[in-house]
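Using the hints provided, position chain Z with the ligand relative to the given structure of chain X.
One-letter residues, chain by chain:
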Amino acid sequence: MCLAVPGKIISVDESNPDLRMAKVSFGGIIKEICVQWLPEAGVEDYIIAHAGMALNKLDEEDARLSLEAFEQLEKSLDEEEESDIN
Amino acid sequence: MKYVEEYRDLRLVRKISEEIKKVVSQPWVIMEICGGQTHSILKYNLEEFLPKEISLVHGPGCPVCVTSLELIDKAIKIASEKDVIMSSFGDMLRVPGSEKDLLQVKAEGGDVRMVYSPLDAIKLAKENPDKKVVFFAVGFETTAPANALSVVEAKRQGVTNYSILSSHVLVPPAIEAILSSPDSRIQGFLAAGHVCTIMGYEEYIPLAKKYKVPIVITGFEPVDILQGILATVKQLENGEAVVENQYSRVVSREGNIPAQKLLKDVFRVIDRKWRGIGNIPRSGFALAEKFAGFDADKIFDLGKIISPESPLCIAGEVLQGHKKPTDCPAFGKECSPENPLGAPMVSSEGACAAYFHYRKIRN
Ligand code: SF4
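Residue numbers (my numbering), protein chains in the order written: chain X, 1 to 86; chain Z, 1 to 363.
Chain X extracted, bound-state conformation:
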């Protein structure tokens, strides 16, 4: 029910100021999503959407950093494994 998935904004329709709509690609499937509450969201941005509505913008920098932190975790564990073997 609360499932919301990340998609990339392809275009934004500003013609109705009360109902800002965007075409959003979810892995190639295009859907019309309301982006009324994300005034700063534009083309190329990733948003997270649910029930036809954009909930929030995805912070790509944050995602990159946290994935990098995982990589670090991986590295330190890899090193440990290696030292276990040695």
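If you are wondering where the hints come from, they were derived from the structure by calculation, not from laboratory data.
Note that the structure is a prediction, hence the values are computed from the model and not measured.
Worth double-checking, as some hints may not be accurate.
[To be verified] Partial list, computed: chain X residues near chain Z (C-beta under 8 Å):
1. Asp18
2. Phe26
3. Gly27
4. Cys34
5. Trp37
6. Gly42
7. Val43
8. Tyr46
9. Ile48
10. His50
11. Met53
12. Leu55
13. Asn56
14. Leu58
15. Ser66
16. Leu67
[To be verified] Straight-line Cα separation of at most 30 Å, DSBU-like style, residue types lysine-lysine; simulated pairs:
17. Z:Lys82 / Z:Lys132
18. X:Lys23 / Z:Lys2
19. X:Lys31 / Z:Lys132
20. Z:Lys264 / X:Lys23
21. X:Lys31 / Z:Lys333
22. Z:Lys264 / X:Lys31
23. X:Lys8 / Z:Lys43
24. Z:Lys304 / Z:Lys290
25. Z:Lys2 / X:Lys8
26. X:Lys31 / Z:Lys126
27. Z:Lys123 / X:Lys23
28. Z:Lys123 / X:Lys8
29. Z:Lys43 / X:Lys31
30. Z:Lys209 / Z:Lys131
31. X:Lys31 / Z:Lys123
32. Z:Lys261 / X:Lys8
33. Z:Lys22 / Z:Lys209
34. Z:Lys126 / Z:Lys290
35. Z:Lys131 / Z:Lys82
[To be verified] Across the chosen pairs, the derived CB separations fall in these ranges:
36. X:Lys23 / Z:Glu99: 42 to 50 Å
37. X:Leu65 / Z:Pro329: 43 to 51 Å
38. Z:Tyr358 / X:Leu65: 29 to 37 Å
39. Z:Gln157 / X:Lys23: 17 to 25 Å
Backbone N, C-alpha and C fix where the C-beta goes; we use that ideal spot for every residue, glycine too.
Below, chain Z with the ligand without anything else, positioned relative to chain X:
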């Protein structure tokens, strides 16, 4: 899909799992509040990656599952009126009421439709001006803004034949109800990431403090969930109890403020009965007075409906984490997704349906 696949990486899952095993020194009971997370845990068999010290219990975070029988019966009565089109998300149509579900109403000639978004329900209302179009508005704080917007849009566009039957439920009061119960055994919470995209997480800070439980805002992919568990276990082992945000790529402390303003404007907070659990104070949304013209609860006066629950179904205990679906004597026998006795067997995010589906695949 970008920002999805990376969080399903088995290698990463294994690494975090190793880290959890290293950190844990004693048994801990952790509840994931959200049904979407329950679904992921069962789908990816994440319990396999946890040390035996960690027990996960599945919370009441499936709005379809906790919508009261009275409200379902009310929706069924409204849908049975001849000038009505009843619409909702797919799962809602299959939830058993006292005697039947909405799909049965449809089979008997009622006009019942599934929609993807409440904005589609407004379109239906515009296309069918001679009908009363009702949207059965379920959901947590994640779904509430979409449903609120539909009412505001209907008003703005002058669509007078549209209304919603609000069965909205709110997460923090449910967490509080679980924690304040004398037989609660929950020591840490994974809070529902998408609820917090809208609401932020300030509301959880006093809860973590008052009940001395770590609360970790967590996403939905396997890597997210294991990371949320790792953060919770670390706090528990260190004797800490604070709010942490694992899902910071989409959740900020303050949440989506324009959406919160909309919720404040459109809804008022009320006490709400949760199916299988009972009344939880200040745990639901009803439409504010100024939107009374769009409130199906007021438009269709059906008197008081009292609906007793099936005596076989132990959904209340499952939803509060006292029992697992497999502890239910009806599980997989009288009760299955084709013939659900209780709501947790209907929604794919209900604990009973998730157990039924993924256990069957594995066995
Ligand atoms: S298995 Fe069916 S009857 Fe048992 S608790 Fe779940 S929904 Fe209720």
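Checked hints:
With 8 Å as the threshold, the beta carbon of X:Asp18 comes within range of chain Z, its nearest partner Cβ sitting at about 6 Å, so the hint holds. With a least beta-carbon distance of about 7 Å to chain Z, the hint placing X:Phe26 at the interface is held under the 8 Å criterion. Contact between X:Gly27 and chain Z, as hinted, is supported at the beta carbon level, the nearest pair being about 4 Å apart and thus within 8 Å. For the restraint placing X:Cys34 at the interface with chain Z, the shortest Cβ-Cβ distance is roughly 7 Å, inside the 8 Å limit, so the hint holds.
The interface hint given for X:Trp37 holds, since its Cβ lies 4 Å from the closest Cβ of chain Z, which is under the 8 Å cut-off. For the restraint placing X:Gly42 at the interface with chain Z, the shortest Cβ-Cβ distance is roughly 16 Å, beyond the 8 Å limit, so the hint is violated. Among the interface hints, the one on X:Val43 is violated; its C-beta lies about 15 Å from the nearest C-beta in chain Z, farther than the 8 Å criterion. The beta carbon of X:Tyr46 is positioned within 8 Å of a beta carbon in chain Z (closest approach about 6 Å), and the interface hint is therefore held.
The restraint placing X:Ile48 at the interface with chain Z holds, with a minimum CB-CB distance near 5 Å, inside the 8 Å limit. A hinted interface residue such as X:His50 counts as satisfied when its beta carbon comes closer than 8 Å to some beta carbon of chain Z; here the least separation is about 6 Å, so the hint holds. The beta carbon of X:Met53 is positioned within 8 Å of a beta carbon in chain Z (closest approach about 4 Å), and the interface hint is therefore held. Hint status for X:Leu55 relative to chain Z: holds, with the closest Cβ pair at about 4 Å, below 8 Å.
Hint on X:Asn56 holds. Least Cβ distance to chain Z is approximately 4 Å, under the 8 Å limit. For X:Leu58, the interface hint holds, the least distance from its beta-carbon to any beta-carbon of chain Z being 6 Å, beneath 8 Å. Hint on X:Ser66 holds. Least Cβ distance to chain Z is approximately 7 Å, under the 8 Å limit. Of the supplied interface hints, the one on X:Leu67 holds, with its beta-carbon coming within about 6 Å of a beta-carbon of chain Z, less than 8 Å.
Restraint check for Z:Lys82 and Z:Lys132: satisfied, since their Cα atoms lie roughly 9 Å apart, inside the 30 Å limit. Restraint check for X:Lys23 and Z:Lys2: the C-alpha separation of about 17 Å stays at or below 30 Å, so the hint holds. Restraint check: the Cα-Cα separation between X:Lys31 and Z:Lys132 comes to about 27 Å, which is no more than 30 Å; the hinted pair holds. Using a Cα cut-off of 30 Å, the hinted pair Z:Lys264 and X:Lys23 holds, with the two alpha carbons roughly 28 Å apart.
About 40 Å separates the Cα atoms of X:Lys31 and Z:Lys333, which puts this hinted pair outside 30 Å; it is violated. Annotation: proposed proximity of Z:Lys264 to X:Lys31 holds, straight-line Cα distance about 28 Å (limit 30 Å). Of the supplied pair hints, the one linking X:Lys8 and Z:Lys43 holds, its CA atoms being roughly 26 Å apart against a limit of 30 Å. At roughly 23 Å between alpha-carbon atoms, Z:Lys304 and Z:Lys290 fall within 30 Å of each other, so this suggested pair holds.
Our distance criterion of 30 Å between C-alpha atoms is met by Z:Lys2 and X:Lys8, whose separation comes to about 9 Å. For a cut-off of 30 Å, the pair hint linking X:Lys31 to Z:Lys126 stands: about 21 Å separates their Cα positions. Under the criterion of a C-alpha separation no larger than 30 Å, the hint pairing Z:Lys123 with X:Lys23 is consistent with the structure, at around 18 Å. For a cut-off of 30 Å, the pair hint linking Z:Lys123 to X:Lys8 stands: about 25 Å separates their Cα positions.
Between Z:Lys43 and X:Lys31 the CA atoms are separated by roughly 26 Å; this keeps the pair inside 30 Å, and the hint holds. A threshold of 30 Å between alpha carbons decides the hint, and for Z:Lys209 with Z:Lys131 the separation of about 51 Å lies outside it, so the pair is violated. About 16 Å separates the Cα atoms of X:Lys31 and Z:Lys123, which keeps this hinted pair within 30 Å; it holds. Between Z:Lys261 and X:Lys8 the alpha-carbon distance is near 26 Å, which keeps this suggested pair within the 30 Å criterion.
Straight-line distance between C-alpha atoms of Z:Lys22 and Z:Lys209 comes to about 27 Å, which keeps the hinted pair within the 30 Å bound. Restraint check for Z:Lys126 and Z:Lys290: satisfied, since their Cα atoms lie roughly 22 Å apart, inside the 30 Å limit. For the hint linking Z:Lys131 to Z:Lys82, the alpha-carbon distance of about 9 Å falls within 30 Å, and the restraint holds. At roughly 43 Å, the beta-carbon separation of X:Lys23 and Z:Glu99 lies within the given 42 to 50 Å, and the hint holds.
The hinted window of 43 to 51 Å between X:Leu65 and Z:Pro329 holds, with their beta carbons roughly 49 Å apart. Checking the proposed 29 to 37 Å range against Z:Tyr358 and X:Leu65 shows it holds: the Cβ atoms sit about 33 Å from each other. A hinted range of 17 to 25 Å holds for the C-beta pair Z:Gln157 and X:Lys23, which are about 22 Å apart.
Hints 6, 7, 21 and 30, counting from the list given before, are not met by this structure.
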